[in-house]
Amino acid sequence: MSDLRDLYQEVIFDHNRNPRNFGKLEGANHKAEGFNPLCGDRLTLYLKVDEEGVIQDVAFDGKGCAISVASASLMTEALRGKPVAEAEALFRGFHDLLTDGHGAPVELGKLKVLEGVKAYPSRIKCATLAWHTLESALHDEDEPASTE
Amino acid sequence: MSTATDKMAPAGAPALDVERLRADFPALHQEVHGKPLVYLDNGATAQKPQTVLDTIAQYYGRDYSNVHRGAHTLSERITAAYEEAREKVRAFINAPESREVVFVRGTTEAINLVAQSYGRVHLRKGDEVLITELEHHANIVPWQMLSDQTGATLKVAPINDAGEVVLEEFERRLGPRTKLVAIAHVSNALGTILPVAKMTEMAHAHGAKVLVDGAQAAPHQAIDVQALGCDFYAFSGHKLFGPTGIGVLYGRAELLAGMPPYQGGGEMIREVTFERTTFADIPQKFEAGTPHIVGAIGLGAAIDYVGAVGLTAIAAYEHELLQYATARLSEVPGLRIIGTAADKAAILSFVLEDVHAHDVGTIVDHEGVAVRTGHHCAMPVMQRYDVAATARASFAMYNTHAEVDTLVHALHKVREMFGR
Chain A
1 MSDLRDLYQE
11 VIFDHNRNPR
21 NFGKLEGANH
31 KAEGFNPLCG
41 DRLTLYLKVD
51 EEGVIQDVAF
61 DGKGCAISVA
71 SASLMTEALR
81 GKPVAEAEAL
91 FRGFHDLLTD
101 GHGAPVELGK
111 LKVLEGVKAY
121 PSRIKCATLA
131 WHTLESALHD
141 EDEPASTE
Chain B
1 MSTATDKMAP
11 AGAPALDVER
21 LRADFPALHQ
31 EVHGKPLVYL
41 DNGATAQKPQ
51 TVLDTIAQYY
61 GRDYSNVHRG
71 AHTLSERITA
81 AYEEAREKVR
91 AFINAPESRE
101 VVFVRGTTEA
111 INLVAQSYGR
121 VHLRKGDEVL
131 ITELEHHANI
141 VPWQMLSDQT
151 GATLKVAPIN
161 DAGEVVLEEF
171 ERRLGPRTKL
181 VAIAHVSNAL
191 GTILPVAKMT
201 EMAHAHGAKV
211 LVDGAQAAPH
221 QAIDVQALGC
231 DFYAFSGHKL
241 FGPTGIGVLY
251 GRAELLAGMP
261 PYQGGGEMIR
271 EVTFERTTFA
281 DIPQKFEAGT
291 PHIVGAIGLG
301 AAIDYVGAVG
311 LTAIAAYEHE
321 LLQYATARLS
331 EVPGLRIIGT
341 AADKAAILSF
351 VLEDVHAHDV
361 GTIVDHEGVA
371 VRTGHHCAMP
381 VMQRYDVAAT
391 ARASFAMYNT
401 HAEVDTLVHA
411 LHKVREMFGR
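So the protein sequences, as listed, match chains A and B. Position 80 of the first sequence, counting from 1, maps to 80 under our numbering, and the rest follow consecutively. Position 286 of the second sequence, counting from 1, maps to 286 under our numbering, and the rest follow consecutively.
Any given hint could be a false lead.
[What the hints assert, rightly or not] Facing chain B, a subset of chain A residues (Cβ under 7 Å, in silico):
no., residue
1, Leu4
2, Cys39
3, Gly40
4, Lys63
5, Cys65
6, Ala66
[Stated by the list, open to error] Derived pair list, reagent style EDC-like, types lysine to aspartate or glutamate, alpha-carbon separation capped at 16 Å:
no., chain 1, residue 1, chain 2, residue 2
7, A, Lys118, A, Asp3
8, B, Lys413, A, Asp3
9, B, Lys413, B, Glu331
10, A, Lys31, A, Asp3
11, A, Lys63, B, Asp386
12, B, Lys35, A, Asp57
13, A, Lys110, A, Glu141
14, A, Lys82, A, Glu135
15, A, Lys112, A, Asp96
16, A, Lys31, A, Asp100
17, A, Lys82, A, Glu33
18, B, Lys155, B, Glu128
19, A, Lys63, B, Asp354
20, A, Lys63, B, Glu128
21, A, Lys82, A, Asp61
Note that these hints are calculated values from the structure, not bench results. The model shown is predicted, which means the values in this text are computed figures rather than measured ones. The beta-carbon is built from N, C-alpha and C at its ideal position, and this holds for glycine as well.
Whenever a hint applies, use it, and build me the whole structure from the sequences.
Here it is, written out as C-alpha cells:
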C-alpha cells in the first residue's frame, strides 16, 4: 500500500476531513463554479480581490473526492494575500508539477503534497478542478469551469 | 479463487463450472498492483473468451475479404460467415426472421438509428416519446435530439426509492399522442430488471411502438423478442463477451421495411443513377458501407459460447452471486446500496459514507479490484438519489464468491485509510 500513500498523504486526508476556508464568502467580488463531469464533483470559489490586485480573502464550497477537496483547501491557503499575478504563476507551476511540464520553476510549498496524483492520470483532473475554477473566477467567466 | 459454492446451483438449474469458464478468459489471469485481478466492471464491458479471440484472428488472418461483393472464393466464404452470424443473433433473441437483425456499432447507434429513421418520419409536433427515469444517456439524448427536430415532447416515467419504475405512473403518461416508448431492459446504474413485456403491452394498448435498450440484459438472461412483444430491441456485442464496435438492432420486418435509410452509401443500394437511387431490402438498407464484418462474426462466436454455457444457468448463477454480494456488502459499515429493486440483475451500485466513489475506485484498484465509479452515464439517476457518483460492481458469469470477498476486504481497507 506504500505507493497508495504517495497519493493519499496524511495532509490530504486532513484537508479532506477539515477543509480550510470552507463556506461562502461575504463580500466576494469574484465567484465561479467548477464542474468535473466525469465524477460529478462541483465546487464554487469565492474571491475578494482589492484594488491593488491582491487576493485579500478566498473561500470555497461544494462536494468532491478527497483529492479535489484537499486540493481546493490547499489552494485557498496558498492564495490568501497573494497578488493575482502570483496566483496565476502558482497555477502554472502546479499544473506543470502534475503534468511534467517544463515551465519556469515556481515555489509551490505545501501544494507539493499533491505530486503523487501524477501517477494516476484519471485523478489529475480532480486535483486541478479548483485551479481551473480559480482561472474562471479571476476572468469572471459566466460558464462553469469544466475539466473537460 | 473459487469456493465450493461456485460449483453449486439452485435446484432445477444446470450447474455452472465457474473455474472452467474462467480458464477460457485470458484477460482474467493477470495481476494488478501485485494482486490477482478481480474484474467487476462487466457492466461497462466484458472480457473475451479465447474462442472469440481465435475467431477474430482466423477471419482477419485467413478468411478475410469483403462481404456481398466479389464472386471470388474468399468473398463468398466471409459472406457466408457474416450472414451465419446474423442467423445466430436471430436465434439468440428468437426473432422471427434474420432480415430483422441489423448490424450496427452498438446499442447507442441502434437507438439513434430508430430515432432518426423511424422517429423523424413518424413523429410530429405535439407527439410524445416516453422513457423512464432510470435510462442511460444513450436512451435519453437521441430522443431529446429527435424532440428538437420534430417538436415532439419527451416524457419521463418516475422510479420509486428502490429503483423500480412506478407502473401506474408509467401507464398514466401513455396516451393517444405517445408514439414511441423507449425503455431499458436492465438498468445499468441500478440493476433493476424492468417488466418489459407488461410495459410493452401497456404501450401497445395506446398504439405506441416500443424500443427496448437491452445492453445490460443480453449477457445475463435469455432474450425472446417475441415473448417481450417489443418492436425494436438493441444490444451491444462487447458486453456480451464479443468485440467492440458491433451491436444489433432488431426491428419488426414491417417497421424496418417502411423506414428510410439511416445512412447512404455502398452496400445499402439496389441501383444508383445521378437522378435517383433505389435502396436495398432490409437489413442491407441499414448497413451502408463495409460493415464490421469480423466484429459480427466474432459476436456470433460469443453467442455460441454463451449458448453452450446456457443462459438459464448463467442467470441462476448470477442471481445467487448477487444475493451473496448484497449480503456481504451490507456488512460494510456506512455502505449504502443504491438500487434495491425486487427484480435485479447482478449489478451493485453503492456509496460509502464520507468517502467519494472516486477514492473508493482508486483504493480498491490497489487491491486488484476493478469497479466503475462515476455517474454511469445516468446523471438523472444520480440526481434522483442525490449522489454525485456511485461505485458499481457489475458481475458476469465468470465472477466468483471469493472475488466478492476480495471486494469486501478492499472496502474495509478504504474505510481504514479514511479513518472510518
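Hint check:
no., hint, result
1, Leu4, "5 Å, holds"
2, Cys39, "5 Å, holds"
3, Gly40, "3 Å, holds"
4, Lys63, "6 Å, holds"
5, Cys65, "4 Å, holds"
6, Ala66, "5 Å, holds"
7, A:Lys118 with A:Asp3, "12 Å, holds"
8, B:Lys413 with A:Asp3, "14 Å, holds"
9, B:Lys413 with B:Glu331, "14 Å, holds"
10, A:Lys31 with A:Asp3, "36 Å, violated"
11, A:Lys63 with B:Asp386, "12 Å, holds"
12, B:Lys35 with A:Asp57, "46 Å, violated"
13, A:Lys110 with A:Glu141, "28 Å, violated"
14, A:Lys82 with A:Glu135, "14 Å, holds"
15, A:Lys112 with A:Asp96, "11 Å, holds"
16, A:Lys31 with A:Asp100, "29 Å, violated"
17, A:Lys82 with A:Glu33, "21 Å, violated"
18, B:Lys155 with B:Glu128, "7 Å, holds"
19, A:Lys63 with B:Asp354, "11 Å, holds"
20, A:Lys63 with B:Glu128, "36 Å, violated"
21, A:Lys82 with A:Asp61, "20 Å, violated"
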